[in-house]
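Student: These are the residues of each chain, in order.
There are 2 protein chains.
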Amino acid sequence: MNVSWRSVLARALHYHREPHARYLQLATVSPQGLPHNRTIVFRGFLRDTNIIRLITDKRSAKAEDIKSNPYGEICWYFPKTREQFRLAGSLQLIDYTDPDRQNQWQELSPKAKAQFFWAEPGKPRQAEEFVRECQTSDPPANFCLLLLTPNHVDHLNLRGNPQTRTIYQCQDQDTWTAIEVNP
Amino acid sequence: MNVSWRSVLARALHYHREPHARYLQLATVSPQGLPHNRTIVFRGFLRDTNIIRLITDKRSAKAEDIKSNPYGEICWYFPKTREQFRLAGSLQLIDYTDPDRQNQWQELSPKAKAQFFWAEPGKPRQAEEFVRECQTSDPPANFCLLLLTPNHVDHLNLRGNPQTRTIYQCQDQDTWTAIEVNP
Numbered sequence: 140m141n142v143s144w145r146s147v148l149a150r151a152l153h154y155h156r157e158p159h160a161r162y163l164q165l166a167t168v169s170p171q172g173l174p175h176n177r178t179i180v181f182r183g184f185l186r187d188t189n190i191i192r193l194i195t196d197k198r199s200a201k202a203e204d205i206k207s208n209p210y211g212e213i214c215w216y217f218p219k220t221r222e223q224f225r226l227a228g229s230l231q232l233i234d235y236t237d238p239d240r241q242n243q244w245q246e247l248s249p250k251a252k253a254q255f256f257w258a259e260p261g262k263p264r265q266a267e268e269f270v271r272e273c274q275t276s277d278p279p280a281n282f283c284l285l286l287l288t289p290n291h292v293d294h295l296n297l298r299g300n301p302q303t304r305t306i307y308q309c310q311d312q313d314t315w316t317a318i319e320v321n322p
Numbered sequence: 140m141n142v143s144w145r146s147v148l149a150r151a152l153h154y155h156r157e158p159h160a161r162y163l164q165l166a167t168v169s170p171q172g173l174p175h176n177r178t179i180v181f182r183g184f185l186r187d188t189n190i191i192r193l194i195t196d197k198r199s200a201k202a203e204d205i206k207s208n209p210y211g212e213i214c215w216y217f218p219k220t221r222e223q224f225r226l227a228g229s230l231q232l233i234d235y236t237d238p239d240r241q242n243q244w245q246e247l248s249p250k251a252k253a254q255f256f257w258a259e260p261g262k263p264r265q266a267e268e269f270v271r272e273c274q275t276s277d278p279p280a281n282f283c284l285l286l287l288t289p290n291h292v293d294h295l296n297l298r299g300n301p302q303t304r305t306i307y308q309c310q311d312q313d314t315w316t317a318i319e320v321n322p
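Chains as they are written, first to last, in the working numbering: chain A, 140 to 322; chain B, 140 to 322.
Any given hint could turn out to be false.
The list treats identical chains as one, so a pair stands whether inside a single copy or across any two.
Dumping the calculated DSS-like pairs for lysine-lysine here, alpha-carbon to alpha-carbon at most 30 Å [said to hold, decoys possible]:
{"#": "1", "residue 1": "219", "residue 2": "206"}
{"#": "2", "residue 1": "250", "residue 2": "197"}
{"#": "3", "residue 1": "262", "residue 2": "250"}
{"#": "4", "residue 1": "262", "residue 2": "219"}
These are computed hints drawn from the structure, not numbers from a lab. Remember, it's a predicted structure, so these values are computed and weren't measured experimentally.
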């Protein structure tokens, strides 16, 4: 869907080709009501939608957070253009048989796939062998496709004094309004 | 206080001298229970403590979040060393007369000070003049020193396959335990 914030984000990505430019920070709320925040990799948009593709392990604390509070906000900072994008919306964990999940798994490198065969994240480390690479074509049960459907996008450009800031608000599935606000 | 995660973080900062290496992402929870996330500048530690100094505008959405839920999690990613630090703890807004707040204000550049004289953040932008620089030695009422007192630090090093991850947990004011966990 060709909404206005998509082209602004596409331009920022164009200027940032290094792999870590696809690292963003995802905030969620724990079952205890506490904020959590971690770096996660942007995997692209879902087909021709504005839905952001991420992945996670069903055994991770983040999956627990999402089960109890299915909302998230991404903060994505681009240092060369000095732009910040905040994308807030609902989160959906897809851990069942689904063609998008299957396609996402197949896109992963053997190293990325291997991580889903490691011991439980966050548990005390044991002197066990960690799989280094994996070629399996079907995802294991703990592999989740994680989708963020944004309904609010806040774009801040730190260039200029004063800075510029635009808020995009989803009115309907593909209808967005944009408003310039004070930074 | 010389706790173990401090030296690990100091080393990451040493390898990242560019100004944007001091940009981190702070997650909070809104009064509606939704996660929020934005980039904020690390201003150093408070005197000889492990308390992280940040600043904010009392008129910002973030200050509203903190008043209703005084907890935050910082996510801080260092691209050169491929390290992530997550620091979770309580947040304190200092908007009253206080020597640390006064010192923090005086440390700011004239450009950074000027932002606190701008129109209300997030409100529709008007064609008004924005102050470019400000030399005032006393902070305005909306200037807040924001302190994060970490009680949980999660350090992930993406170098190596498998990666390494250590969780530091505060037991008492200056007593921390460290445990190696699965990444």
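Student: Evaluate residue 250 and residue 197 at a C-alpha cut-off of 30 Å and name the case that applies: within, between, both or neither.
Tutor: Close inside one copy (18 Å), not across copies (45 Å); limit 30 Å.
Student: When no copy is named, should residue 262 and residue 219 be tagged within, between, both, or neither for a Cα gap of at most 30 Å?
Tutor: between (37 Å within a copy, 27 Å between copies)
Student: Cα distance capped at 30 Å. Does residue 262 pair with residue 250 within a copy, between copies, both, or neither?
Tutor: Answer is within: at 21 Å inside a copy they meet the 30 Å cutoff, but 46 Å across does not.
Student: Checking residue 219 and residue 206: alpha-carbon separation at most 30 Å within a copy, between copies, both or neither?
Tutor: neither (36 Å within a copy, 34 Å between copies)
The structure does not agree with numbered hint 1 stated previously, though it agrees with all others.
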